[in-house]
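Engineer: Whole structure, please, built from the sequences with the hints as guidance.
As they're listed, the protein sequences go chains D and B. Read in order, the letters of the first sequence are residues 3 to 278 in this note's numbering. Read in order, the letters of the second sequence are residues 24 to 284 in this note's numbering.
There's no promise every hint is true.
A few chain D residues facing chain B, derived, Cβ under 8 Å [claimed, not checked]:
id	residue
1	R174
2	L179
3	R271
These aren't lab readings, by the way, just hints derived from the structure by calculation. In this text the structure is predicted, and so the values were computed from the model without any measurement. Using N, Cα and C, we set each Cβ at its ideal position, and we do this for glycine too.
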Amino acid sequence: MQLEQGVKAEISRLRLSATGYKIWRGRAVRLAFFALLLGLWQVVSSLELWSDVIFPPPKEVADALVLGIRDATLTTAIKDSMQRLCIGYGTSLIIGIPLGLLLGRKQLLDDTIGSLAVGFQALPSICWLPLAVLWFGLSETAMQFVIIMGSLMSLILAVRDGVKNIPTLYLRAAPILGATGWRFYRYILFPASLPAIMTGAKLGWSFAWRSLMAAELLYVTSGIGSTLMMGRELHDMALVVAAMIIIIFIGLLTDRLVFRVAEGFVHRRWGVGGGN
Amino acid sequence: MTKVDLRNVSRVYLSQSGPVYGLSGFNLTIKDGEFICVVGPSGCGKSTLLNIVAGFEPPDMGEVLINNKKICGPSTQRFVMFQDHGLFPWLNVTQNITFGLRMTGVSQKECEERAATLLKTVNLTRFATSWIHELSGGMKQRVALARALAMDPEILLMDEPFAALDAQTRDMLHEEVELVWQQTKKTIMFVTHNVREAVRLGTRVILMSAKGGTILKEYPVNLPRNRFLEDVEVVHIASQIRDDLRQEVLKAGEAEADIAT
Ligand SMILES: Nc1ncnc2c1ncn2[C@@H]1O[C@H](COP(=O)(O)OP(=O)(O)OP(=O)(O)O)[C@@H](O)[C@H]1O
Ligand SMILES: [Mg+2]
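Structural biologist: See the structure below:
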């Protein structure tokens, strides 16, 4: 018995260290690769093929970042952008998930609102900006409208498709277990389509993020997109690149912190492979 | 007292090769507390029959009466145990078992107590908080049985629930189902393609025809309880049914060949 436990502990220790080794090796390789890119950038810019205005060296970009953070222009810009994004994307989630669930069940709604969503999805949401400004003025509401139009459609359609792919077995189990009416939506349809909702939420987020950046670039307000545009107008390419780096960084961070965690949650329950 | 009454029930499916009868002019009365086993060749309409009694599909003709009332749709009083367990992957074992209780408003504390008892019944106490994908096929089916028992329905409908299980697990679940039936006197309708299993469990075995979805023959099983699959009497009755079943399959095969030539 004790021997057996010893063997088990040994095996699990070996396995852990093996996966741990893989993870750390992956990290080291990535880090080395990006260090290499940075070095290359430095080398190319020190060759002085182009002027610093066109091709800013790493040092200037770093300075722009530090300065922007120190005088709070960059941090305010990030805060403004994130606030818009959270309100707009949050609204999309609150409307999109229930609507998607309904669309997956009610053919009439799918034929009407569903086809409307398919149509609107073909329209890049930034095309809404002129109308949004006309309707809401140069305001936060206009920005959020653009974000919502960008993310809501893909979210609705992804959730709807998820609902339509729920195995018949779950749908049949629902009424005999007493899950009818709103309980059916809350306790069967919603959790059963969770993998699809995750996919939709991720897709919706990337659309929301792109829409917001486009809107901020086009319409001078505040926010990280406008900072980028301001850099262009001041011929401050270091600031432009700094803003680009921040945009990438926020995108990656959300993917890691929010979606990885949520996907892990789904994987633990559904088993590896997810889906149904 | 009559529990289930099927009157002239028909169900037609439209397939590419023309209409297929899932059931045609099907008549069956089941008394309260009966344990009916349904056997028949593959594709004869056993699942169709169960789905119609469950209320998942409406009959195209005829009517289904439960307690002398016409049914409309599924109900918690007619619980179905599926061949592919149908457990929810987003809930763990205990949550799956108590799902129906929670839906009907049973308190958290009572749910936990019921789950503990049922887990003991199906020998899965150790796996109370496991996710469904972490269980073996036999364990999943045991959870499905526990979930069905938790609902405590008037009628239990079972569609080949033990077809994919190993012999030991199946024997254990046979005993469990038999015990529950003896204690609660539920009405049970059990579909299987295993003739011996049907005789082992049922008070009556129904043989369905290969084509057309009708009853070919009925066999009462008046053997004392706590039967075993290997009992001489069980084997004896089963071999009779098997002979009839084989003839039916052969006949259907010839008919098929006739059409082909
Ligand atoms: N949804 C459907 N669409 C078309 N035909 C169907 C459908 N469901 C069943 N059928 C047909 O109805 C007949 C009866 O099917 P059913 O599933 O009831 O058979 P079964 O006796 O349960 O077979 P098995 O023992 O293989 O499970 C079959 O010929 C089948 O092809
Ligand atoms: Mg079947």
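Engineer: Are there hints from earlier that the structure breaks, and if so, what are their numbers?
Structural biologist: The structure conflicts with no hint, since it agrees with every one listed earlier.
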